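Fit chain B to the known structure of chain A by using the hints.
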Amino acid sequence: MSQARERLRRICIAGSGQVAVITALALRRTVPDTEVVVLGLPGDPAAYADRAATALPYTNKLHDRIGITEEAIIQQAAGSHRLLMRYFGWGAEGQSGAMPYGAQLDAQWRTRFAKEWGGGPRNAAGRRPAGSLAEVLADAARFAVPPGDMPTPLDDIDYALRWNMPAYRDLMVSIAQQLGVNHVVGDIAALEPNGQGGIASVAVEQQGQIQGKIEADLFVDCSGPAARLLSALPEAKRMDWSTFLPALRLLHGKPQQGMLALEDRASLLPEGWLVEFAGADGLQITLGLAESISEQDALQALGVEPAEMVTLAQGCAKDAWAGNVVALGDAAASFEPLGHLNLDLAHRQLGLLLEMLPGRVVEPLERAEFNRRAALMAQQVRDTLATHYVAPRARGVFGEKPLPESLLHVLDQYTRRGRLPFREEAALLNQEYMALLGALGFPAGVTPQSQSQDPGEAEAARTAFEVQARQALQFAPPYQQFMAQMMQPQQPADSGIAGDLQY
Amino acid sequence: MMSGVNSKKMRVVVLGGGTAGWMTAAGIAKLLPDLASVDLIESQDIGIVGVGEATLPHIRGFVERLGIDEAAFMKATHATYKLGIDFRDFGRIGESYIHPFGSFGEEVGGIGFHHYWLELQRQGLAAELGEYSLAVAACRANRFTPPAQDSSLASTYGYAYQFDATLFGPFMREFGTSIGVTRHEGLVVDVERDPESGDVTALLLKDGRRIEGDLFVDCSGFRSLLLGQTLEEEWEDWTHWLPCDRAAAMPCTHKTSDIRPYTIATAMPAGWRWQIPLQHRMGNGYVFSSAHLDEDAACEALRKAAEGDPLADPRILKFRPGRRKHSWSHNVLGVGLAGGFLEPLESTSIYLAQMAITYLIEMFPQDGKIDPRDRDEFNRLVDMEYDRVRDFLILHYHATTRDDSDFWNHVRTMQVPDTLADKLELWKRAARIEKYSDGLFYDASWIAVYIGQGMLPDAHDSRVSLPDPGRVSGAMDNLRKEIASQVNAMPGHMDYLKSEAARLAEAA
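If you read the sequences in order, they're chains A and B. According to my numbering, the first sequence is numbered sequentially starting from 1. According to my numbering, the second sequence is numbered sequentially starting from 1.
Excised from the complex, chain A in its bound form (with noise of 0.2 Å):
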């Protein structure tokens, strides 16, 4: 007879950025007579998880989940919406293209049937769509969130939030001090191992005065790239990616006027590449530069006033579960913020935590289950990172790079037959990620089969976008109107605390 496993009886994490108190939060949730105790370590400002002030369309669902309402992120932190990248130059100088979020799917693709048998629509490769509402959404500055309840014209865009990231964090902070989550501010002084790999319990400082020490069955690493908690033992090994990723040094610039754009912008310079993060609250400019670039060039290329210079260490963990100890975020994998890809990798580690959360006795086997697939999602974040850099203009400003065997077997295919192999764990949704070789210029293979497509299905499918298009154009209203729609207060007033990861 099958038995509950005995649940955990306190669960450690550390680290004081958002990926711990997310962490903190949906823990919380999940196992509600579990005691939470965040061990607030100093930040790293190479932690590029914790610094983003956005994710990818999967973090919507994750808020979702642990009751973090859209609405309150709008209000509360300086909110907004993002349709698509939009890239600049990465193919030829003058080239542009745009990587909108979602895939556009055959109704068979939605029944629970095809999400359960056929994989769902991270398998559905489709026939490449005909045109992007989101880029014609984007293009003409309109877009309003659909309201769920009945069918509209905008109901296949999704779309990634934006936000002022502490604002964000003392969102979560504020709700995770309403379920109880326990914080203790200080260092590390010491680990205890267990005697099985792991950790027994960790003695905190402040000011080198020992605080006490804090006994957990599980620890939660979202220390940043030192991962302080994983590196600590003995099987911990940290692998290096920084061949395959050749942005060493990231230039921040002081944020600019704050806008309302459903785009934000990658570039390639001379220089390196440039980012340009629309906020509500504020233009922010990453510039990650080639190896040969002075820091006077850099300063020029970067166009505003700089605030700091990061130097990277990209990397991952080999295994991010070790022992009783689980890294997410940037203690887990550590690289720079192109594509927006930190947050996203951090929360579907999380993701993966809560779907395979163990008891109090760790099984081996689920542990090399989880260490299997954030494996595959971490190789799968350096591949489409290591895409950008192998860019037909790229490698004249980066240089040329070895590329890892995983992504030269899908650029092959890709710019040879025109079809993407199957990606397990992949970043990025098939026709997100053909859509992003496409704007960064990779010439697209032809496929079998459209060599023998009846032109005359082609001409429908493009006479059919063009309706939709005119449909969602006149559904949407111009995005400011519906921001400031957004932006007057909700009655009741929105407590933040509802989510569905509660029984």
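Bear in mind the hints are in silico, worked out from the structure with no lab data behind them. Just so it is clear, the structure is predicted and the values come from calculations on it, not from any experiment. All C-beta atoms, glycine included, are put in the ideal place defined by N, C-alpha and C. A hint or two may mislead.
Said to hold, decoys possible - Pair by pair, the computed Cβ-Cβ distance ranges are: (1) 242/A <-> 474/B: 52 to 58 Å; (2) 405/B <-> 457/A: 55 to 61 Å; (3) 155/A <-> 405/B: 54 to 60 Å; (4) 208/B <-> 443/A: 44 to 50 Å.
Unchecked claim - Only part of the chain A face toward chain B is listed, based on derived beta-carbon distances under 10 Å: (5) 8; (6) 30; (7) 31; (8) 115; (9) 354; (10) 419.
Claimed, not checked - Some residues of chain B that are not near chain A, with every Cβ distance over 10 Å (derived): (11) 43; (12) 46; (13) 72; (14) 193; (15) 223; (16) 237; (17) 245; (18) 399; (19) 403; (20) 477; (21) 488; (22) 497.
Here is chain B on its own, set in the frame of chain A:
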């Protein structure tokens, strides 16, 4: 039509006119008309195996892609709908379960439904797992209606067909020849190869005709004239894990007027027996291990157990579970039995052929040349599919307490592949399923077999006891009631088939 990159078409020669051969020829002719010409060689002197009467839901997409009308196809092959397989006596004699084309319940709070079911089962409050599946409940009630195209409860299942495989080949032949496949009746007596590259260049027929080609698809069944006999591609034998290597097949009459929307697989002392209801007859067969039972005894056992009156004597089919080390070598691919075979337990035979055809179309040579990278990719994908299905099939034999025959003692105690051993251990210790999203058979299928065959884990998710037990059992009862009410509203399978027949008559 758009002209191809290179106007020279690749000459594809398909050897074999069985199910795999005609599916391949029709698929290429329909989907790549500007890239390929298709010749198919078949001989009336060589019979077709024609098993694979039952299919998986994926066949629907394939048939649709070819632009074949479902009703016409079902009518021609005397097809019925299939919602799953009823496995009897596998885990233990007297016990049964249905592996549905569908799922069980829904996850709650991010935790899989089966964890809640295990908890309720521990408390003695759970109904049989199948009662929480719409597809299983429809099977039990002999009812059918097509699933909804939304994300409601009515969209939680899919369907396949049970059809007359000996009619499927001819149906595809008619379709294939209507869209430009050139058929050659004749017996291949020699294979010409390029002395330098070793590629096959032409097939010589008994009457002296010579069929040249650039790409050859070997659909010659287990004989595997091209891939096996000519190119001597090594066969990876899996008999030690899947010892059944014979089937005795015998068509019978229908015993009742009702037609089940599912297949029955009943475990036997040296294998298992199928009952596949078609519109016009009942397919019966006994899949057995020749190391444990001789052919005459198997035929006798089948005659005794078969449902309905025999329409013919049992016919013996021989097979070998396994696959070629390389399904594509030189300019020859094996599709169907020539490339590999996993016994018919989960009706994967036609799926595996259709999967190989789909990958061939994706990797189809460009500019008249075969790129070794595409060949490698094809082989990688085919191997992955075979290996995943293999583990799932082995599970059906290994997850048993049966000790009533040498056969069951062997499969119960045999050493399974490491890939499967880890999955079993993960299930046993934590009730978790190794996740993948490519290939065939995901969580719901593994759960159906594990639980159905009595392989309960030691422990399940710690969080299932958090919600109020009354609420959980109440919600689960409501789900059962909702399922029962939806099934009640479905027409009987037989009635639905009749209403389809009426629609066909109107259309005609």
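The hints, checked one at a time:
Our hint of 52 to 58 Å for residue 242/A and residue 474/B holds, since their Cβ atoms are close to 55 Å apart. The given range of 55 to 61 Å is respected by residue 405/B and residue 457/A, whose C-beta atoms sit roughly 57 Å from each other. For the pair residue 155/A and residue 405/B, the supplied restraint of 54 to 60 Å holds, since their beta-carbon distance comes to about 57 Å. Distance hint check: the CB atoms of residue 208/B and residue 443/A are about 48 Å apart, consistent with the given range 44 to 50 Å.
Interface hint status for residue 8/A: upheld, as the beta-carbon distance to the closest one in chain B is roughly 7 Å, under 10 Å. Satisfaction of the interface hint for residue 30/A is found here, the shortest Cβ-Cβ separation to chain B being roughly 6 Å, below the 10 Å cut-off. Of the supplied interface hints, the one on residue 31/A holds, with its beta-carbon coming within about 6 Å of a beta-carbon of chain B, less than 10 Å. Against a cut-off of 10 Å between C-beta atoms, the interface hint on residue 115/A holds, since the closest Cβ of chain B lies about 8 Å away.
Restraint check, residue 354/A versus chain B: the minimum CB separation of about 5 Å is within 10 Å; hint holds. Nearest Cβ of chain B to the Cβ of residue 419/A: about 6 Å, under the 10 Å cut. The hint holds. Distance to chain A confirms residue 43/B as a non-interface residue, since its nearest Cβ pair spans about 30 Å, more than 10 Å. For residue 46/B, the shortest C-beta to C-beta distance to chain A comes to about 31 Å, beyond the 10 Å cut-off, and the non-interface label holds.
A cut-off of 10 Å between C-beta atoms confirms that residue 72/B is not in contact with chain A; the least separation is 20 Å. At roughly 26 Å, the least C-beta separation between residue 193/B and chain A is larger than 10 Å, which holds for a residue marked as non-interface. The Cβ of residue 223/B sits about 29 Å from the closest Cβ of chain A, beyond the 10 Å cut-off, so the non-interface label holds. Against chain A, the non-interface label of residue 237/B holds: every CB pair exceeds 10 Å, the least being about 28 Å.
For residue 245/B, the shortest C-beta to C-beta distance to chain A comes to about 29 Å, beyond the 10 Å cut-off, and the non-interface label holds. For residue 399/B, the non-interface assignment is confirmed: its Cβ lies about 15 Å from the closest Cβ of chain A, beyond the 10 Å cut-off. With a least beta-carbon separation of about 22 Å from chain A, residue 403/B lies farther than 10 Å from that chain, consistent with its non-interface assignment. No Cβ of chain A approaches the Cβ of residue 477/B within 10 Å, the least distance being about 16 Å, so the stated non-interface status holds.
Separation of residue 488/B from chain A is adequate, the least Cβ-Cβ distance of about 21 Å exceeding the 10 Å criterion. No beta-carbon of chain A is positioned within 10 Å of the beta-carbon of residue 497/B; the least distance is around 21 Å.
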